[in-house]
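K.L.:
Below are the chains, spelled out letter by letter.
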Amino acid sequence: MAEASELETLRNEVRAWLVANAPATWRQESIDPDAFFRIQRDWFLKLVEGGYAVPHWPAEWPGGGRSLAEQKVIYEEMARADTPRLLLSFVSTYHAASTILECASKEQQERYLPAILKGETWCQGFSEPGAGSDLAGLRCRAERRGDVYVINGQKIWSTIAQYADKCLLLVRTSNEKAKQAGMTFLLCDMKTPGITVRPINQIHGDEEFAEIFFDEVEIPVSERIGAEGDGWAVAQATLASERGLTLLELSERMRGALVRIATLIRDTGRLDDAGVMRDFGRLATSVDATCALADQFLAWRIAGEEQVGQASLIKLRYSRVLREFTLLGLRLDDMDAQYHAPITFGGGMETGNWMADFMNSYAWTIAGGSDEVQRNIISERMLAMPREPKNWTIQGDAA
Amino acid sequence: MSDDSIGRAELQDAARKAFGEGGLGQDPATIWDLIVEMGWLGMTVPEELGGLGLGAEAQGVIHFELGRILAPGPVAAHMMVIEALVKAGRQDLIERAVAGELMTGSLRFATATEAGGTLSGTLNAVPDADTASELLVVTDSRVLLLPIGTNGITLTERPLWDKSRRLFDVTLSGVSADAGVELAGSNTASDLVAALKAHLLFALSADSLGGAEAALDMSVEYLKTRRQFDRPLAMFQALKHRAADMKTILASAEALLWTHASEGRTAPVTQPVKAGALKAHAARVYHAITEEAVQFHGGIGLTEEHQCHLYLKRATLNEALGGGADLWEEQAGRQIAAALLATA
Ligand SMILES: Cc1cc2nc3c(=O)[nH]c(=O)nc-3n(C[C@H](O)[C@H](O)[C@H](O)COP(=O)(O)OP(=O)(O)OC[C@H]3O[C@@H](n4cnc5c(N)ncnc54)[C@H](O)[C@@H]3O)c2cc1C
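The listed protein sequences derive, respectively, from chains X and U.
Note that the working numbering has the first sequence beginning at 2, numbered continuously upward.
Note that the working numbering has the second sequence beginning at 84, numbered continuously upward.
Calculated directly from the structure, the hints in this document are not laboratory data.
Each residue gets a CB set at the ideal place from its N, CA and C atoms; glycine is no exception.
You can trust all of the hints, since none of them are fake.
Estimated spans, in silico, between C-beta atoms of each pair:
1) X/E325 to U/G382: 26 to 36 Å
2) U/A403 to X/P63: 53 to 63 Å
3) X/M336 to U/N270: 45 to 55 Å
4) U/A101 to X/R267: 50 to 60 Å
5) U/E240 to X/E7: 53 to 63 Å
6) X/R16 to U/N270: 32 to 42 Å
7) U/G381 to X/E111: 52 to 62 Å
8) U/T113 to X/A70: 38 to 48 Å
9) X/A70 to U/D96: 26 to 36 Å
Next comes chain X alone, as it looks inside the complex (with noise of 0.2 Å):
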């Protein structure tokens, strides 16, 4: 671990860098997507620039090669600057960057992530309408003819895959093995004819996810990310980076927010109330808690140690305490909450818009794999507690 006052000179750099750099009048410009898409590529950029932008990277690569404590001194900084969270940014430096490192081909790795330094954006195209929590029921299909695979179907949910210029994409190959072992991973340009996206509106009315349609789309073998059936494997990857490691930067985010509760309690003259004070403190606990399983999982990860369920542990518990987090925003902020106020887009999960933030909550108890999944994973793969059985029939149905 760096000492202390290495440590020390580096957060002094990085609020000093914060300082010259860091957009400050964002939030009130981020009120429409097209706003958001360019306060969120600039300052992407600005990020690559000042070597901030992935330092969960290895070393190889400019930026990475931060420690556990060298991260977390840098989200800190920027939680405290309040910038933009990165959110046009966040399925390529995370999901893909992820899987490409740890999956793909030498020749593959120096095509892609140099270029994600340079502002290309990723989104991942998992789910689909008949598949999300039951994943290995994908159907979107991929035909090999000659050097390329030919996709029909469709995805669903994909975030700000109206904005991305590549997509994961999770395809079947084949009907004939067990569910898993049928499915490939491809890297698919999203300018390619006979793709369309669509966006959705959520709840809190932000296009944050899209629908994508695959028409006769041709897609080139070498850009196949292991073998041919091997898709569910490579997308463990990309799924395991979704639950645990993206979970250091948001649950300090998260702590680096606990000022905007302290500051509704102190503007709403509350901070007397020893019941308003006693929630506020087991939150912000529980905060401290999640950061430090956030800590703990990067720590196991960095050793080697990393065992299937932690990542689960770890998104789980942010799910939960988030939720609980803008509900004691949404409570505190009583009727001033219920007033509908526009959203900031690429705001993170902490805007201070208690309502919005609330329902944007969901985006973590659902993403990535809901909490019921997660606790599927955990008691399963953990605790070793067995599956229920497979065959079942259910009253009534069609025989």
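For chain X, the structure is supplied; the task is to place chain U with the ligand on it using the hints.
P.N.:
Then chain U with the ligand, alone, in the frame of chain X:
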């Protein structure tokens, strides 16, 4: 020896070997002798004062393991007194304490009053006062150590629901303050008391999570073996999901415990509010898990012969010892809000 040279896992291993895996129902004297023999009472005593010189992490491991086996006895109170002796630099007394001569004090931070050279008041929640030789007495301006046999001290045992601990009300009336030694005077007493609170609250947190781990392990094992409806109960998702939730809150509380301990490596955690918030959190987790444990066990879980209730009772006592969640969560809320608003 530093924290780095003897790892958490190593120490945990040693403790599990010493206490035995299924160490429940052990005789208090046996456990006490074991702890003395291993030198663990001097765990956090600096080497130059004759201890092992280990930090909060090591202290945490011992209390975690004691909690796991529902160890009877006054170890937490005794180690709190040793902490006071270390801070006061009383090597003579430390030697006696580390050798196993029991020194005890209030697990509720009760205070006595001093007037005209005499001490009076009732200290509650004092473990094993009847077998102790010395008593820690805190007044609003001093910290003293008194022989428990001093004239004017009377002991009343207060039987608890939690049979793994024995607590006493210790009443002082007209006790001569000169009978004791002063560990801290008016300049240093409040700092020492803060440090002792932080120390004890941390120990209670570790005890809680050790107990919680054991109760959860036991429950999951039970669900796997007990069959109803022609299948193990562990196959029912309603129960699996509750077990997963318990595992999750336990894992994050444990991460918080060790983070707290490692923060104490560089600068000893003498901040009672932070430790109080940790204790409130850990005891809440312990309570939640043991409440579920009884339910998971059905009828057998409600019987005296089964172990479930032992954990349940210790969990609720841990919630009260060192001050309850209402106290610490409010104080933590005030302190954290003030700090955030000062820099915002
Ligand atoms: C904000 C957001 C962003 C997303 N972004 C992406 C993305 O970028 N790319 C992508 O591919 N997907 C994305 N998703 C999709 C997400 O992964 C799925 O929504 C999720 O896996 C759940 O699938 P479903 O919506 O079909 O719900 P269903 O699977 O139909 O589940 C409905 C309910 O049943 C419960 N349930 C299902 N199965 C079980 C079970 N076995 N045991 C107990 N309960 C069960 C679920 O927990 C849920 O409560 C996103 C979703 C959201 C909300």
